Amino acid sequence: MAPSRRMVASAFLLLAILVATEMGTTKVAEARHCLSQSHRFKGMCVSSNNCANVCRTESFPDGECKSHGLERKCFCKKSCSAVVSGDVSDNTEIFEDGF
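With mature numbering (1 follows the signal peptide of the UniProt record, and there is no 0) applied, the sequence shown covers -31 to -1, 1 to 68.
Note that these hints are calculated values from the structure, not bench results.
Values in this document were obtained by computation on a predicted structure and should not be read as measured data.
Careful, some of the hints might be misleading.
Claimed, not checked - For lysine-lysine, the following PhoX-like pairs were computed, each having C-alpha atoms within a straight-line distance of at most 25 Å:
(1) 11 - 47
(2) 47 - 35
(3) 11 - 35
(4) 11 - 42
What the hints assert, rightly or not - Pair ranges (Cβ atoms, derived):
(5) -24 - 36: 13 to 21 Å
(6) 18 - 38: 54 to 62 Å
(7) 1 - 22: 19 to 27 Å
(8) 48 - -28: 14 to 22 Å
(9) -22 - 18: 56 to 64 Å
(10) 18 - 50: 53 to 61 Å
(11) -1 - -23: 40 to 48 Å
(12) 8 - 39: 17 to 25 Å
Using N, Cα and C, we set each Cβ at its ideal position, and we do this for glycine too.
Can you make the complete structure from the sequences, with help from the hints?
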């Protein structure tokens, strides 16, 4: 038995609606990270593990070494929400995940 034109058209329309809804509404909010240069870390940062340990003493949950010009410096990292009207403490930057 061959499918009727009406059945094929209905199936095609349903498939088109499903594809359209999947494409338009699956936006996921990504976490943002605030980075602030460590005030206690001394010297060139070569180990992100050491940097993270120093950052924990500064009440940050994590830290990592990042290139800053020709130097590698320790930057402390925490999750943050939107910054209110540019009122950011010194040396703080906001990055999306995967920066």
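Results of checking the hints against the structure:
1. 11 - 47: 20 Å, holds
2. 47 - 35: 15 Å, holds
3. 11 - 35: Roughly 14 Å separates the two Cα atoms, so the pair holds.
4. 11 - 42: 9 Å, holds
5. -24 - 36: 13 to 21 Å: Distance hint for residue -24, residue 36 is violated at roughly 59 Å.
6. 18 - 38: 54 to 62 Å: 23 Å, violated
7. 1 - 22: 19 to 27 Å: For residue 22 against residue 1, whose Cβ atoms are near 23 Å apart, the range 19 to 27 Å holds.
8. 48 - -28: 14 to 22 Å: Because 55 Å falls outside the window, the suggested range is violated.
9. -22 - 18: 56 to 64 Å: The hinted range 56 to 64 Å holds for residue -22 and residue 18, with Cβ atoms some 60 Å apart.
10. 18 - 50: 53 to 61 Å: At 27 Å between Cβs, range violated.
11. -1 - -23: 40 to 48 Å: Between residue -1 and residue -23, where Cβ atoms are some 44 Å apart, the hint holds.
12. 8 - 39: 17 to 25 Å: Given about 21 Å between the Cβ atoms, the range holds.
Violated hints, listed in ascending order, are 5, 6, 8, 10; each of the other numbered hints is respected by the structure.
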